[in-house]
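Participant: First to last, the protein sequences are chains X and G. Just so you know, the first sequence maps onto residues 5 to 191 in the working numbering. Just so you know, the second sequence maps onto residues 5 to 168 in the working numbering.
Please keep in mind that the hints were generated in silico from the structure rather than gathered at the bench. Treat the hints loosely; a few may be bogus.
[Said to hold, decoys possible] Pairs of lysine-lysine residues, derived as DSSO-like cross-links and limited to a Cα-Cα distance of at most 27 Å, are as follows:
#: 1; chain 1: X; residue 1: Lys24; chain 2: G; residue 2: Lys56
#: 2; chain 1: X; residue 1: Lys24; chain 2: G; residue 2: Lys47
#: 3; chain 1: G; residue 1: Lys146; chain 2: G; residue 2: Lys168
[Unchecked claim] Sample of chain G residues lacking proximity to chain X, with all beta carbon distances greater than 10 Å (derived):
#: 4; residue: Asn59
#: 5; residue: Met144
#: 6; residue: Asn160
Using N, Cα and C, we set each Cβ at its ideal position, and we do this for glycine too.
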Amino acid sequence: MSNIDENEILRRLEKLSQIKPTHEATERAINRARLGFSWGTATRSYKIKSPSPIIKFAAAAALLICAGYIIGRVSSAQPVDIEQLRAEIEASLRSSLAASCEQIKDELHQQVQRDLTEFAAQTLAASTTATDQRLIELIRLIDAARMQDHLRVAAAIEKIEMDKEKLGNGLQALATRTNELLRTEQN
Amino acid sequence: MENRQEKLFELLDKSGASLYALLTRLTLREDVAEELMQELFIKLSNYKGLRKIKNWNAYAHKAAVNLAFDWRRRQKRACLSLDNVPEIASNEKSPLSNLINSEESQEMLDAIRQLNKAPRQAIVMRYIQQQPYEDIAEQMNKTTHQVRALCHKAINRLRDLIGK
Numbered sequence: 005m006s007n008i009d010e011n012e013i014l015r016r017l018e019k020l021s022q023i024k025p026t027h028e029a030t031e032r033a034i035n036r037a038r039l040g041f042s043w044g045t046a047t048r049s050y051k052i053k054s055p056s057p058i059i060k061f062a063a064a065a066a067l068l069i070c071a072g073y074i075i076g077r078v079s080s081a082q083p084v085d086i087e088q089l090r091a092e093i094e095a096s097l098r099s100s101l102a103a104s105c106e107q108i109k110d111e112l113h114q115q116v117q118r119d120l121t122e123f124a125a126q127t128l129a130a131s132t133t134a135t136d137q138r139l140i141e142l143i144r145l146i147d148a149a150r151m152q153d154h155l156r157v158a159a160a161i162e163k164i165e166m167d168k169e170k171l172g173n174g175l176q177a178l179a180t181r182t183n184e185l186l187r188t189e190q191n
Numbered sequence: 005m006e007n008r009q010e011k012l013f014e015l016l017d018k019s020g021a022s023l024y025a026l027l028t029r030l031t032l033r034e035d036v037a038e039e040l041m042q043e044l045f046i047k048l049s050n051y052k053g054l055r056k057i058k059n060w061n062a063y064a065h066k067a068a069v070n071l072a073f074d075w076r077r078r079q080k081r082a083c084l085s086l087d088n089v090p091e092i093a094s095n096e097k098s099p100l101s102n103l104i105n106s107e108e109s110q111e112m113l114d115a116i117r118q119l120n121k122a123p124r125q126a127i128v129m130r131y132i133q134q135q136p137y138e139d140i141a142e143q144m145n146k147t148t149h150q151v152r153a154l155c156h157k158a159i160n161r162l163r164d165l166i167g168k
């Protein structure tokens, strides 16, 4: 329900109808309008016409698309250069590993040194033991060979002694026989 | 082309003052009315279907009303502070009266702007241009009875819009 009556509306409309521009302003407006269309080249500065909504919308859309494209181009990731990436990773790894690499090398060197020393000691010990055993065995073999030689020499000497006895006996027998033969002949 | 220019000069001589007064009443600003007046005649001179127009005067007034309300639509009156309210064309001398009249008139014109095209045209012609119903009916290709009904409905609609 309206709280304003019809008469008030009419009164306001009548007030509007009573507004009159000054004579000078009217003259000026008429002359300007006459100049505007008679010359046929109304300057844009005189116009208050604004672009149509479609043109405004198109311009806004174009601006929006351009802005989006530019933002997208700026914010999007650049194409990955594999070689560059590899070089960067390598450099990064190198720099990060440079310090620890030296330490690891030192530790490895010390470890190898320790292992080599231990291995040498073990090898030497093993070698010494083996050599000793070989020497003992060699000595044993030499002893056995000497014993055998002694036995052989003793056996040979014993044989020679026996042969010598036999020869003595033979010589005695020969002598006896010879004596007997001589006696026989003498007889 | 020459014929068109002649007709436009004739229209300007005959109805220029009336058109300018109408634009001033609808915009409440002489400077804007002057701009719109020039724009109106440039539009008329560039209009291709000008030969079909029988009543140049009525056509020009209708076009002026549309131009003025288009301008009002573009204006964000709500954004204007009281300091920025321009001095309106008014016969009152007191600044306070001017301000009150300005507020009332702006409110009324904004309400008229919200009307449909036909009632708006009828209200402007009847109550702002003070034309008789017969002339309005002739210009709008309606009967006087239809124009009266249109005006009555428009007034009721304005009451609703202003009384909100």
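Participant: All the hints need checking, so say for each whether the structure fits it.
Facilitator: Quick rundown of the hints versus the structure:
1. Lys24/X - Lys56/G: Judged against 27 Å, a Cα distance of about 32 Å means the pair is violated.
2. Lys24/X - Lys47/G: The given pair, whose Cα atoms are some 24 Å apart, holds under the 27 Å limit.
3. Lys146/G - Lys168/G: violated (31 Å)
4. Asn59: holds (19 Å)
5. Met144: Its Cβ never comes within 10 Å of chain X, the nearest being 18 Å, so this holds.
6. Asn160: With a cut-off of 10 Å, Asn160/G comes too close to chain X, as the shortest Cβ separation is near 8 Å.
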